[in-house]
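Participant: One letter stands for each residue in the lines below.
Protein chains: 4
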Amino acid sequence: MLRLFFSKIYSLLNALLAAIGLLAVAALTTPDLTERASLILEIVLFGVWAAYLLQLFATMVLHRATGVRDRSAVVADVLAVIVPAAAFLFVGSRDWSLFCAVWLLQPLRGSMFFRLMARVLTNEARNLVGVTTIFGIVLFAAALAAYLTERDVQPDKFGSIPLAMWWAVVTLSTTGYGDEIPQSLAGRTLAGLVMMSGIGIFALWAGILATAFYEEVRRQDFVRNWQQVAAVPLFQKLGSAALIEIVRALRPRVVPAGTVICRKGEAGDQMYFIVEGRVSVATSSPVELGSGSFFGEMALITGEPRSATVSAITEVSLLSLFSVDFQMLSSSSPEIAEIIRKTALERRGAIPHG
Amino acid sequence: MLRLFFSKIYSLLNALLAAIGLLAVAALTTPDLTERASLILEIVLFGVWAAYLLQLFATMVLHRATGVRDRSAVVADVLAVIVPAAAFLFVGSRDWSLFCAVWLLQPLRGSMFFRLMARVLTNEARNLVGVTTIFGIVLFAAALAAYLTERDVQPDKFGSIPLAMWWAVVTLSTTGYGDEIPQSLAGRTLAGLVMMSGIGIFALWAGILATAFYEEVRRQDFVRNWQQVAAVPLFQKLGSAALIEIVRALRPRVVPAGTVICRKGEAGDQMYFIVEGRVSVATSSPVELGSGSFFGEMALITGEPRSATVSAITEVSLLSLFSVDFQMLSSSSPEIAEIIRKTALERRGAIPHG
Amino acid sequence: MLRLFFSKIYSLLNALLAAIGLLAVAALTTPDLTERASLILEIVLFGVWAAYLLQLFATMVLHRATGVRDRSAVVADVLAVIVPAAAFLFVGSRDWSLFCAVWLLQPLRGSMFFRLMARVLTNEARNLVGVTTIFGIVLFAAALAAYLTERDVQPDKFGSIPLAMWWAVVTLSTTGYGDEIPQSLAGRTLAGLVMMSGIGIFALWAGILATAFYEEVRRQDFVRNWQQVAAVPLFQKLGSAALIEIVRALRPRVVPAGTVICRKGEAGDQMYFIVEGRVSVATSSPVELGSGSFFGEMALITGEPRSATVSAITEVSLLSLFSVDFQMLSSSSPEIAEIIRKTALERRGAIPHG
Amino acid sequence: MLRLFFSKIYSLLNALLAAIGLLAVAALTTPDLTERASLILEIVLFGVWAAYLLQLFATMVLHRATGVRDRSAVVADVLAVIVPAAAFLFVGSRDWSLFCAVWLLQPLRGSMFFRLMARVLTNEARNLVGVTTIFGIVLFAAALAAYLTERDVQPDKFGSIPLAMWWAVVTLSTTGYGDEIPQSLAGRTLAGLVMMSGIGIFALWAGILATAFYEEVRRQDFVRNWQQVAAVPLFQKLGSAALIEIVRALRPRVVPAGTVICRKGEAGDQMYFIVEGRVSVATSSPVELGSGSFFGEMALITGEPRSATVSAITEVSLLSLFSVDFQMLSSSSPEIAEIIRKTALERRGAIPHG
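Residue numbers (this note's numbering), protein chains in the order written: chain A, 1 to 354; chain B, 1 to 354; chain C, 1 to 354; chain D, 1 to 354.
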């Protein structure tokens with residue numbers, strides 16, 4: 001847990017560093033910069049570069065220590081140091097700073113998200129290539145048709161297929177700069193058809209990416225939840241079918257120490273299972289709950305507002321079960337719902353919370 | 001039911017009030033306003049403000065009376081009153097009226113929909129941040145490339161990375177204002193690629209939002225329907241698997257008293273279960289049906305037009321079962337279909353409706 | 001079947017008629033029309049009007065004869081006749097012809113598709129209203145922010161909130177006319193954010209419409225297929241779970257008499273079940289197959305090219321089973337797959353086709 | 001396998017040839033071309049044409065040899081040869097080269113992807129026609145309304161319905177060229193509504209295409225995987241329900257000889273089943289594995305990095321099982337997971353890999 005927390009802080013800092021560096025790169029390209037301003041910006045660039053040099057050493061030491069080799073991180077780090085240095089030495093004028101754009105690779109370093117994206121693109125390569133081919137065919141056909149209909153009307157804008165292709169790509173993507181516009185009736189009818197085809201093609205593109213992406217995300221969420229659900233004793237009695245249902249229903253959440261998880265008197269639409277960490281239930285005689293316990297179930301069963309405030313003592317890893325899912329769980333796994341209900345009643349007699 | 005109805009009317013009135021206030025704010029910014037017109041508009045603003053003051057009192061009284069604390073409503077109400085008042089007192093000129101824009105928060109007050117949206121955004125935060133990072137990387141890379149290819153051709157439009165970034169964002173979102181257009185072949189090829197990347201990125205964005213939103217909506221619908229289905233005696237005999245099927249198939253609908261639910265002679269593609277309220281079946285000897293009854297089943301079984309007009313006596317909460325779902329229900333829960341068929345036959349002998 | 005065919009022809013003719021009428025309406029508005037041309041167009045309008053008058057009589061006679069009342073058709077027909085007539089009598093100048101635009105309602109007449117659309121919109125009303133509210137809030141906020149950042153730079157374009165709102169709606173929908181463009185850095189950053197919000201909002205809109213639409217379509221397809229599958233004796237032995245699988249897998253298709261359904265020597269990836277009609281298998285001793293038979297199964301089992309040409313003798317209503325689905329069917333309903341395989345072997349001994 | 005590989009190379013070369021030919025066609029239309037340049041381009045065109053002539057002969061010989069008739073390929077090949085030849089002979093000036101655009105059909109030749117697209121369009125024809133009708137109705141209505149609101153303000157741009165329709169189509173598709181922009185308040189409000197309708201309509205279009213496309217892709221993937229899974233002995237013991245699960249979980253992949261499939265010391269998130277081909281496990285005593293074997297399971301069970309490098313000896317057809325799916329498989333088919341675990345333990349004792 002703690003490692004996760006630090007790794008988050010680290011990637012945030014890393015992203016900030018890259019952002020500062022890239023902003024300085026961008027600022028350095030503005031014309032009419034004073035000597036002073038450009039000196040400051042170059043010092044900023046050097047500072048960021050030095051930080052990346054440090055990071056490169058750290059990565060290499062860490063790799064030797066743990067034996068894990070994360071090649072993408074090493075590549076990104078080496079490039080982040082070597083490319084700007086080489087550009088500074090060998091590229092004349094101020095253009096060397098543009099090579100610092102290699103820092104754009106930093107956010108991709110060790111990110112789960114980009115690994116996911118890469119897998120989505122690999123999985124769907126065949127379909128994406130197919131749609132791109134259609135795009136190319138429609139693009140050429142549109143340019144040819146526009147050239148034929150408009151070459152006599154506007155020879156300066158549609159006088160050749162390459163010129164007409166610029167119009168076609170701007171129209172097919174519904175960008176519509178407005179620098180080249182068909183004037184003839186045939187050209188305008190064509191334009192309408194091209195816009196409609198464009199939407200169709202981009203719909204396919206979007207559909208492939210979005211669906212494939214979402215499927216991959218759901219698969220990863222399933223694995224992560226699975227590992228957490230396995231840590232809650234209550235669920236270990238379940239058969240595999242019911243377990244899969246539960247894994248789909250629960251939503252993991254990590255809260256730092258001190259967070260108020262639920263507040264007395266508020267309406268409650270979820271209950272919580274503790275995977276790791278401890279919470280404190282603030283009643284007349286405060287109670288502590290640890291890994292494997294659950295709380296907040298009263299609000300789901302009776303619909304009353306929360307009867308106690310619960311706050312995290314340590315960093316706590318929770319699984320939320322929303323009331324909707326509790327209903328579904330009740331019908332598919334009556335035993336678990338029964339255990340939760342029984343515990344709720346016992347607690348009501350003893351300590352009021354939930 | 002009645003409470004639901006009043007709450008709908010109330011939020012409609014509230015939305016109308018906010019709309020009037022905001023229109024007045026907008027109108028007040030038009031130049032060359034006559035003294036008279038601006039006075040009238042300021043009076044409108046004051047009227048809306050007074051209404052919000054009243055509402056704030058009402059909310060606080062209600063909270064004390066019921067003990068339910070809806071903090072988002074309280075915050076919206078307090079801001080709606082205090083911000084314009086403070087602006088009126090401390091901001092010079094007519095700009096104080098702009099602060100009335102805080103009334104934009106009113107429609108979010110106590111809305112189920114915005115709570116749902118907030119949950120969707122929380123759930124998908126990680127993926128949205130990931131796609132936004134990709135967006136940032138592509139944006140910077142596109143601006144850098146455009147700067148390199150176009151800085152000599154159009155130094156006034158692509159002369160620095162910040163300038164080129166404006167072009168990149170306009171193109172990446174396929175907005176295409178047309179104020180900055182690459183002229184070189186390399187720049188135009190780049191533009192085509194940027195447009196395609198833009199569509200890809202926004203497809204991911206759209207896919208994440210749309211899918212996550214729809215999943216959340218379906219979950220909420222399920223819970224609402226579940227509670228209503230549980231109120232119909234016929235369904236209480238069902239096993240949990242069949243019950244889940246039914247909950248998915250039925251569609252809830254509330255009609256005010258006096259509504260004609262189905263009309264004699266029309267084609268019918270749905271039957272109705274009454275959750276709450278009473279309806280009147282207009283045959284030679286009119287019949288009344290109450291909670292737990294069903295009607296309109298004849299049209300589904302025989303395919304004939306409706307044999308009687310049915311209208312609501314009180315406000316009625318209904319569950320509709322479409323003929324498609326009746327077919328599926330018939331195969332998965334033959335017992336229920338059998339009960340419905342038997343009742344239909346009995347009724348046919350006795351009273352003609354359906 | 002025949003009725004279906006005529007109804008298709010009829011709606012095609014109706015759409016054509018409306019298209020002709022509307023084209024004439026559009027043409028009549030072009031300036032500098034010769035006397036002669038406008039006379040011809042008005043005669044066309046009168047012709048279309050007369051056709052609608054005829055149709056109105058036909059509809060009324062039909063309604064009296066069959067007793068079915070399709071109110072949407074009657075309303076569309078009455079309006080199609082009365083509105084242009086009234087406009088002709090009471091509206092001065094040539095503007096009366098614009099009222100013929102009421103013919104736009106004709107394609108909606110008795111269309112299954114528009115009934116479906118109406119149901120989708122009704123079902124999703126609540127969510128669509130919610131997203132539209134968000135749209136309104138973002139629109140106003142964007143206009144206010146643009147007014148604040150740009151009013152001093154471009155007072156003629158962003159000098160009031162209503163003016164800025166025009167920019168906001170053009171940008172939020174990523175249309176980007178380019179007539180109003182923010183110039184300040186703050187304004188441009190704002191524009192980037194507005195474009196991104198726009199995509200998000202339209203993604204929600206699109207997601208709601210697309211998903212709800214597709215769900216409704218699938219429900220309707222299921223019902224239509226269900227009725228056809230029930231007519232094939234082979235499937236009547238199946239349990240309800242297997243039946244639902246089959247209904248999902250089969251794809252209905254109607255071919256006119258004389259069509260070649262499969263051709264000898266071609267690769268085959270589907271087999272066919274005959275719901276209604278007769279086909280001829282062109283082998284050395286031609287064979288006729290009727291309702292309830294199936295053919296083309298050989299290609300699925302052996303992977304060889306079609307061994308005979310099969311053509312429709314009458315209009316034939318078919319259900320196609322693709323090889324993919326045959327594989328799935330084989331594993332979920334081995335009995336049916338067994339019957340198909342056995343028949344295939346017997347036929348191979350006797351008559352070569354498939 | 002080898003045939004698949006050659007067919008991929010072939011279609012790549014074919015696409016390249018078409019691309020070269022079409023680029024030459026495009027280049028030939030640029031004005032002010034030198035004599036020399038246009039001669040070179042015409043020679044390129046002739047070369048591509050000659051290659052297609054060769055291909056036509058090859059196709060015809062192949063068809064005679066194998067007896068398979070792929071009519072779409074024959075049609076594309078015949079057109080690719082005859083159309084440019086005929087144009088060269090009978091069309092005056094340089095315009096004959098435009099007819100070479102018929103080569104655009106080449107990438108569609110024998111492509112699985114375009115067959116898939118054609119099927120999607122056929123399946124969804126009815127819905128696509130429906131949405132297109134709505135598009136037409138909204139387009140006409142928008143043009144009529146814009147004509148009414150703007151004809152007096154900008155008679156040169158909105159002076160007739162056909163003129164206003166150009167504005168309507170540009171706005172409805174959110175292209176927004178910016179050549180025609182409503183000025184009146186009514187016109188601008190209308191424009192906002194048109195943009196919103198446009199997004200709605202295109203959302204339906206996109207939703208239909210994307211969903212239908214994805215469904216079809218999944219069906220085809222299922223069939224392809226099915227055939228490969230059937231070749232792995234381990235899976236032949238499974239019941240049909242479990243088999244379907246496995247088929248959905250596994251992902252096929254073909255790697256050329258010599259590829260390193262997994263590398264010692266890297267983190268591993270998938271295991272592999274060999275459908276066809278042989279791999280070498282590089283341990284102290286190298287081991288060869290053939291069809292029906294699996295490897296890489298250790299990383300899934302223990303979470304340790306890969307213990308050996310595995311590379312392909314021949315071209316290898318693999319099925320990947322990701323750790324997520326291994327988890328799901330473990331719960332739904334414990335027997336298979338048990339076999340995999342047992343093998344892993346035995347191997348650990350003997351040869352270290354995974």
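Since the hints were made in silico from the structure, they are not lab data.
Nothing here was measured: the structure is a model prediction, and the numbers come from that model.
Treat the hints with caution; some may be incorrect.
[To be verified] In silico lysine-lysine, BS3-like type, Cα no more than 25 Å apart, as pairs:
1. C:Lys157 - D:Lys264
2. D:Lys157 - D:Lys264
3. B:Lys157 - A:Lys157
4. D:Lys264 - A:Lys157
5. B:Lys157 - C:Lys157
6. B:Lys264 - B:Lys342
7. C:Lys264 - C:Lys342
8. A:Lys342 - A:Lys264
Participant: For each hint, tell me whether it holds in the structure or not.
Facilitator: Consistency of the hints with the structure:
Distance check on the hinted pair: C:Lys157 and D:Lys264 sit about 64 Å apart at the alpha-carbon level, beyond 25 Å; violated. Between the alpha carbons of D:Lys157 and D:Lys264 the distance comes to roughly 69 Å, so the proposed pair goes past 25 Å and is violated. Between B:Lys157 and A:Lys157 the alpha-carbon distance is near 21 Å, which keeps this suggested pair within the 25 Å criterion. Taking the CA atoms of D:Lys264 and A:Lys157, the gap is near 58 Å; set against the 25 Å cutoff, the hint is violated.
Distance hint between B:Lys157 and C:Lys157 is fulfilled; the C-alpha atoms sit about 21 Å from each other, no more than 25 Å. Distance hint between B:Lys264 and B:Lys342 is fulfilled; the C-alpha atoms sit about 22 Å from each other, no more than 25 Å. Distance check on the hinted pair: C:Lys264 and C:Lys342 sit about 22 Å apart at the alpha-carbon level, within 25 Å; holds. A C-alpha spacing of about 22 Å is found between A:Lys342 and A:Lys264, which places the hinted pair at or below 25 Å, so the restraint holds.
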